[in-house]
Structure formats: structure tokens, C-alpha cells
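These protein sequence lines map, in sequence, to chains A and B. Per this note's numbering, the very first residue in the first sequence carries number 419; after that it's consecutive. Per this note's numbering, the very first residue in the second sequence carries number 14; after that it's consecutive.
Calculated from the structure, these hints are not laboratory results. Quick caveat, the model's predicted, so the values are computed rather than measured. Heads up, some of the hints might be wrong.
With a straight-line Cα cutoff of 30 Å, these simulated DSS-like cross-link-like pairs (lysine-lysine) come out [said to hold, decoys possible]: (1) Lys602(A) to Lys583(A); (2) Lys226(B) to Lys216(B); (3) Lys429(A) to Lys216(B); (4) Lys20(B) to Lys583(A); (5) Lys583(A) to Lys496(A); (6) Lys64(B) to Lys93(B).
Stretch by stretch, here's where chain B covers chain A in the computed footprint (C-beta under 8 Å, at least three residues) [said to hold, decoys possible]: (7) 538–547; (8) 650–657; (9) 666–672.
Note that beta-carbon positions come from the ideal geometry of N, C-alpha and C, so glycine has one too.
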Amino acid sequence: MSVWRRFVRHKLALVGALILLLIIFVAVFQNQLAPHDPYEVNPAFIGEGPSWAHPFGRDQIGRDLLSRVIYGTRVDLKVGFLATGISLVFGSLLGTIGGYYGRIPDMLIMRFIDTLMAFPMLLLTMLIVATLGSNINYLLIAIGLPLSARYARVIRSEVLSIREKDYVTAARALGGRDSGIIFKYVLINAFPPIIVLATFNVAEAILLEASLGFLGLGIQPPDPSWGSILGAGRAYLRSYPHIAAFPGIAISLCIFGLNFVGEGLRDALDPWLKT
Amino acid sequence: MRSYIIKRLFQSLIVVWLVSIVIFTTMHLTPGDPVTILLGQRDVSAEQMDKIRAKWGLDQPIVKQYLVWAGNAFQGDFGKSIAYNGVSVIDLVLHRVPNTALLNLYAFVLAIIIAIPAGIFSAVRQYSFFDYATSGFAIFAMSLPNFWLGLMLLIVFSVWLGWLPTFGIQSWKSYILPCISLAAMNAAILTRFTRSKMLEEQKQDYVKTARSKGVMEKNVIRKHVIRNAAIPIVTLIGYRFAYILSGTVVIEMVFAWPGVGRLLVESIFRRDYLVVQAITLVAAIIIVVVNLITDISYTFIDPRVHYD
Chain A
419 MSVWRRFVRH KLALVGALIL LLIIFVAVFQ NQLAPHDPYE VNPAFIGEGP SWAHPFGRDQ
479 IGRDLLSRVI YGTRVDLKVG FLATGISLVF GSLLGTIGGY YGRIPDMLIM RFIDTLMAFP
539 MLLLTMLIVA TLGSNINYLL IAIGLPLSAR YARVIRSEVL SIREKDYVTA ARALGGRDSG
599 IIFKYVLINA FPPIIVLATF NVAEAILLEA SLGFLGLGIQ PPDPSWGSIL GAGRAYLRSY
659 PHIAAFPGIA ISLCIFGLNF VGEGLRDALD PWLKT
Chain B
14 MRSYIIKRLF QSLIVVWLVS IVIFTTMHLT PGDPVTILLG QRDVSAEQMD KIRAKWGLDQ
74 PIVKQYLVWA GNAFQGDFGK SIAYNGVSVI DLVLHRVPNT ALLNLYAFVL AIIIAIPAGI
134 FSAVRQYSFF DYATSGFAIF AMSLPNFWLG LMLLIVFSVW LGWLPTFGIQ SWKSYILPCI
194 SLAAMNAAIL TRFTRSKMLE EQKQDYVKTA RSKGVMEKNV IRKHVIRNAA IPIVTLIGYR
254 FAYILSGTVV IEMVFAWPGV GRLLVESIFR RDYLVVQAIT LVAAIIIVVV NLITDISYTF
314 IDPRVHYD
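Extracted from the complex, chain A is given alone in its bound form (with noise of 0.2 Å):
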């Protein structure tokens, strides 16, 4: 496995993997992980510091900050995750039917993507999320549609660049159903570029989710995310500053590891990508 071997080489990217492992590894053990119950409210030490028994101190209601970062982090994957692959299939759904297609459909697709494009993306993603909620199934859709663009875009062009080849032509003549021969190439052809724009799109959306929480318009209280812990310690920036400090940390740790995984990606796949 060549591609496999490239990644392995490119030390950042396995800096990267390692690091996004042991997020993956948090956010699954949760339960293990987390010294203290991140509900419990303790109106006696609102806004500790850190300390051994606290390591990140106590929040601004005297909850365990440590634990609450730990439970935040499966949020926070969650979103990114599923909001990618929210935008993944709606994007490739909208460029297969616009690339296949052509004229009319194509045309209200491609306008429908410039609309979306034309938004600045968080400001698109605040306006779903204040006329829908911040319920976290409408976030996932606040912040995957917006996303959704690139997609449809790459593979759009795919679909169009494959139905001129000679292959494609070739199995027409024979009697094969160019649908089947297109989709066929066009997820071939279409993985590499593809993998790693979702990889870049996980630590976006992530980052999407922590302005919306800084904002007060994601993941509601009590349930902790890294973006709604650190809009919450905003308000106490001057008594407490280690309640915005530390999921502040797990948030440009993850985008960090996701950004390199990304960049390794990219290089492993090199000879694959045309653009």
C-alpha cells in the first residue's frame, strides 16, 4: 500500500492520527475517563482554580471543568463528524444529478450552490440556527448544509470531465449503461479529492460549532460542548479565565490534529489529486 506507506512517512500527519486517536479515545471512554459527574453543580466552589483534585478547576456553577471538556468531546465529534458526512452525500447527491443530467437541472443546482457560497458560511449557519433552534439535529443541518457546496462542486466536475472520456464511450458502444460506468469512475476518481476536503471539513465544522457556542446559538446548557463551555466562561473572563481557556485548548488540539491528518492526506494521495 503505497498511499499508506506516504501517510506513514509524513511524520505531522501520523502526529496528527495520534493525536485525533486519543480524542476519539476520550470521547468513547467518557464515562471511564471523567474524575467527576459533569452535571453535578457545587454552588460552594464556583469558579475554583485547578487543582490535583480538579485539574481544570471548577466552572462558573462549581461543576467539574475536566469532566465536562472529557463529555464535550463526544459532542464535538459528533458534530463534526456528522455534519461532514451530512454535506458529504447531499453535496455528491446535488453534483452527480447536476453533472449527469446537464441543462435545467444542472443550471438550478449550480445557482442553488452559488446561493449557498455567497453566504459567509458562519453567518448562513447562525440564520438556520436561529430560525430553526439550536436543537443539535437542526446544528447538524446549520452547519452541513452550507458545507455541502464544495462537494456538489468537485464532483460535479468529475461527473462532467468522466462522461467525455473514451471508457465512457467505449462501454456505450458495447451496451453498457453509461449511468452505471459514470458512477462507477466517478467514485474512483472522485475518493481522493474528496477524503480529504471531508478531513479539512471535520476541523471546520468543529469550528463552527464552537462559534455558534460562543455566540450562545449552539449546543444548549447544561449539556457540555467545547463551544457552549467556553461561550458560558466568557461572561467570567476576569474572575475565572481557565473556564474559557481550557476547551478553547481541546478545540485547537483536535482542529491541530485533524488539519495535519488532512495535510498527510493530501501529500499520500498526491498523484491521485488533479487539482
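Given chain A, put chain B in place with the hints provided.
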């Protein structure tokens, strides 16, 4: 070429129209009645509520509301803010535009003057200490959410050290932290992009030719490599423009900056429809126009690019 420009212009107009529909409908699907929110706890009879609705045109059918709004917006009239007691939306927004524009201009310039030289030097001295340090720093900066960077800078330089103001615009010092927070991500992306484009160009045959002709290395870089690498770099700067509003929204919230971004967030929470609609519409139009200009200028800058 001309037909390409006309086609793109036409497409852009359609997109602006679609954007206006999306903005209008989303704001009207939003739960929460602006009149109820406006009145708060005050005890008001149903008749008075209806009167207030009629005053703002909120009792009209939605299609008519859209047409009236779009028609007025086309003439630069975005109506009156409900929350600000009838101040015209355009005045409200324009009043804050300079604050946002200046902040983002400084941040953009800061990013460019750091990133372009850094990217060029690390490409010219590839694998040097400078190259590694720059790349490491850029990757680090790319992973930091800008609002979190802003919060941390605020804690250190304003709260702990007390060197810089914590919120609003008090003097030129107020610009320092928001500028750095906004510039970090752009500087990082631009540095890495510049470096990779410079490296790509250095491998080209014309560079080999120039070198074998005996052109001085300084001139090879200056006259050949940089010039050719400049095309995609300028394009990227154009496209990064679209990210300005996303960035400025959160940063203005961090630093309580009296700009358009903060007005937008506050208006969303207050359900002040007309303000939200105006800001989003203008932002989207700016993006469409900048993308159009970037695409078209691309065909002028690089004669190799052809569109059909």
C-alpha cells in the same frame, strides 16, 4: 471573453436575487414575534398589538412583504429598526461600517505584510531554520479559533498586564488585539500558500532556463518566480475576502467592538428582522461582487486562462 463576462454578470444577479429570497424567508420562519419581544413584559391589549403590527407592515401577506422590502432595498432603503425605536436601518448599519471596515482593513494589511515576505523567504531558503519555524508557527496559528485567541490575548494583555484596553474603541491601542486575532488565521493560510506556490514555480522549466542563461539568482526570484506565483496569491486574497464577515462577527463580540458584526448578532437575538436582513444581504452582495471581480481579473492577469 465578453460573453463570459456577461454570463457571469447575469449569474451573479440571479444569485443576489436568490440570496434575498433566502434571507427574507428564513427571517420570517424564525420563531418569536418581534412585536412581543419589543414590548417585553408590558401589558398590551390584542388590539394595540395589531396596531403595532400594522404600523410595521407585519400584517400583510408574506409575498407582499417581500416585494415591498426588496423594492425598497433596491433603492437603498432597508426600513426602520424595530428595536432601535424607528431609527432607519441603513443609518444604523452605516454608522458602524467604518469601525468594522477599518478593523478588517488593518487586519488584512497586517496579514499580508507578514505572510507574503515570510512565504517568499521560506520558499527561497527551503528547509532552513527560518522555513521550519515559519511553517510550524503557521500551522499552530491555523489551529487556533480566532475568538479564543482573542479571549486569551485579552486575559494576558488587558486583564493581567493592563497594557491594552479591554473593550470598545478608546484609542489606537484598542485596535491591536482585535487586529492580531483577526490577522492570525489569514496570515497563516497566506504564508503557507505563498510558500507552496513559490516552490512550485521554482521547479518550472523557465526558471531553469533563466538560471542556465546566467541570470543572477536574486533576479530569477524577483523577476520570474515571484511574478508568476503572484497570480494565484492575488486570487486567494480575493477569495479570503469572503471570510471577513464570519471572522469579524465573533471578534467584535469578544472585544465589544461597535461594528456591524456585533450589531448583527444582537439583532438576531432581538429578532430585529430588518437589520439582520440588511446586513446579510449587503454581505452576500459584497461576496458575489468580489468573486466576480476576482474571476474576471484572473482572465486579464493570466493570458493562459480561458473560459468558454
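A quick look at each hint next to the structure:
Pair hint Lys602(A) plus Lys583(A) holds up; C-alpha atoms about 13 Å apart against a cutoff of 30 Å. Taken as a hint, the Lys226(B) and Lys216(B) pair is honoured in the structure, with Cα atoms around 16 Å apart against an allowance of 30 Å. As the CA atoms of Lys429(A) and Lys216(B) are separated by approximately 24 Å, the hinted pair is consistent with the 30 Å bound. For the proposed pair Lys20(B) and Lys583(A), the alpha carbon gap of about 27 Å is at most 30 Å, so the pair holds.
Straight-line distance between C-alpha atoms of Lys583(A) and Lys496(A) comes to about 39 Å, which puts the hinted pair past the 30 Å bound. For the suggested pair Lys64(B) and Lys93(B), the alpha carbons sit about 16 Å apart, so the restraint of at most 30 Å is met. Counting residues of the stretch 538–547 of chain A whose beta carbon lies closer than 8 Å to any beta carbon of chain B gives 7, which reaches the threshold of three, so the coverage claim holds. Using a Cβ-Cβ cut-off of 8 Å, 3 residues of the stretch 650–657 of chain A lie near chain B, which meets the minimum of three, so the contact claim holds.
Counting residues of the stretch 666–672 of chain A whose beta carbon lies closer than 8 Å to any beta carbon of chain B gives 4, which reaches the threshold of three, so the coverage claim holds.
The structure does not agree with numbered hint 5 stated previously, though it agrees with all others.
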